[in-house]
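Novice: Sequence:
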Amino acid sequence: MFKFIKSASNKENWYEHPYNEVAFWGRSNVGKSSLINAIVSNKKLAKVSKTPGRTQLLNFFQNDFGAVFVDLPGYGYARVSNAQLVEMNKMIDEYIINRNNLKCVYLLIDSRHGITKTDIEPIEFLLRVGVDFKLVYTKADKLKQKDKHKLVQDIKKSREIYGPFQYFLVSSETKTGINDLILDINETLSGEHNE
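Using the UniProt record's numbering, the letters of the sequence shown map in sequence onto residues 1 to 195.
Any given hint might turn out to be false.
Unchecked claim - Derived DEER-like restraints, expressed as beta-carbon distance ranges:
| hint | residue 1 | residue 2 | range |
| --- | --- | --- | --- |
| 1 | ILE97 | SER7 | 12 to 22 angstroms |
| 2 | LYS90 | LYS6 | 11 to 21 angstroms |
| 3 | ILE97 | THR174 | 27 to 37 angstroms |
| 4 | GLU160 | LYS6 | 32 to 42 angstroms |
| 5 | PHE165 | LYS142 | 19 to 29 angstroms |
Unchecked claim - In silico lysine-lysine, PhoX-like type, Cα no more than 20 angstroms apart, as pairs:
| hint | residue 1 | residue 2 |
| --- | --- | --- |
| 6 | LYS117 | LYS134 |
| 7 | LYS157 | LYS117 |
| 8 | LYS3 | LYS44 |
| 9 | LYS6 | LYS44 |
| 10 | LYS175 | LYS134 |
| 11 | LYS150 | LYS117 |
Hints were generated in silico from the structure; no laboratory data involved.
Virtual Cβ for every residue (Gly too), placed ideally from N, Cα, C.
Hey, can you work out the whole structure from these sequences and the hints?
Specialist: Laid out in structure tokens, this is it:
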């Protein structure tokens, strides 16, 4: 069973442990907290909010077997000052670049919109720093048939630009694709730890 461990604003406060971890990142209101709750089958683990930009710290969660999830603040919208936004971005960059435990970033994309301008910078950042990432297209239950065709084209085009990234199409609401994502996370977490 997963439980909340701590929130951190900088390297000095990171949760220190010997295990691998995966991080969840995405645009504000893309459904990060809902996805984490669906993965761990606990609707109350990560706080879900209708207000974009609610998560403003790194939130660490762990289960009894050592698996560690990190919920990163969303990008693209937050009710914070520019100075706070700069600090938040610095905190995320520091974590992604320097965290030895980090095995993969699951970057969440709203499937109804595909990769937006707001998503491009994080994708390019992850490619630039060489951190493994996979795209998780959320809210699949809200896709209409015409949107599915558009999404397929968007993924194809994006893979031509950014390389053959792995991706998942999921719905936290209906649990579509959640099992495949869980299998991938388990496989990722069971890999060798980076020292």
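Novice: With reference to the structure, classify each hint as holding or not holding.
Specialist: Going down the list of hints, with the structure as the test:
1. ILE97 x SER7: 12 to 22 angstroms: Cβ of ILE97 to Cβ of SER7: about 20 angstroms, so the range 12 to 22 angstroms holds.
2. LYS90 x LYS6: 11 to 21 angstroms: Holds, since LYS90 and LYS6 (Cβ atoms, about 19 angstroms apart) stay within the stated range.
3. ILE97 x THR174: 27 to 37 angstroms: holds, 36 angstroms
4. GLU160 x LYS6: 32 to 42 angstroms: For LYS6 against GLU160, whose Cβ atoms are near 40 angstroms apart, the range 32 to 42 angstroms holds.
5. PHE165 x LYS142: 19 to 29 angstroms: The hint (19 to 29 angstroms, Cβ to Cβ) holds, given that PHE165 and LYS142 are roughly 22 angstroms apart.
6. LYS117 x LYS134: holds, 18 angstroms
7. LYS157 x LYS117: holds, 14 angstroms
8. LYS3 x LYS44: holds, 10 angstroms
9. LYS6 x LYS44: Since the Cα atoms of LYS6 and LYS44 sit roughly 15 angstroms apart, the hinted pair holds (cutoff 20 angstroms).
10. LYS175 x LYS134: Holds - the C-alpha atoms of LYS134 and LYS175 are around 18 angstroms apart, at most 20 angstroms.
11. LYS150 x LYS117: Answer holds: LYS150 to LYS117 is near 16 angstroms, not above 20 angstroms.
In this structure, every one of the numbered hints holds.
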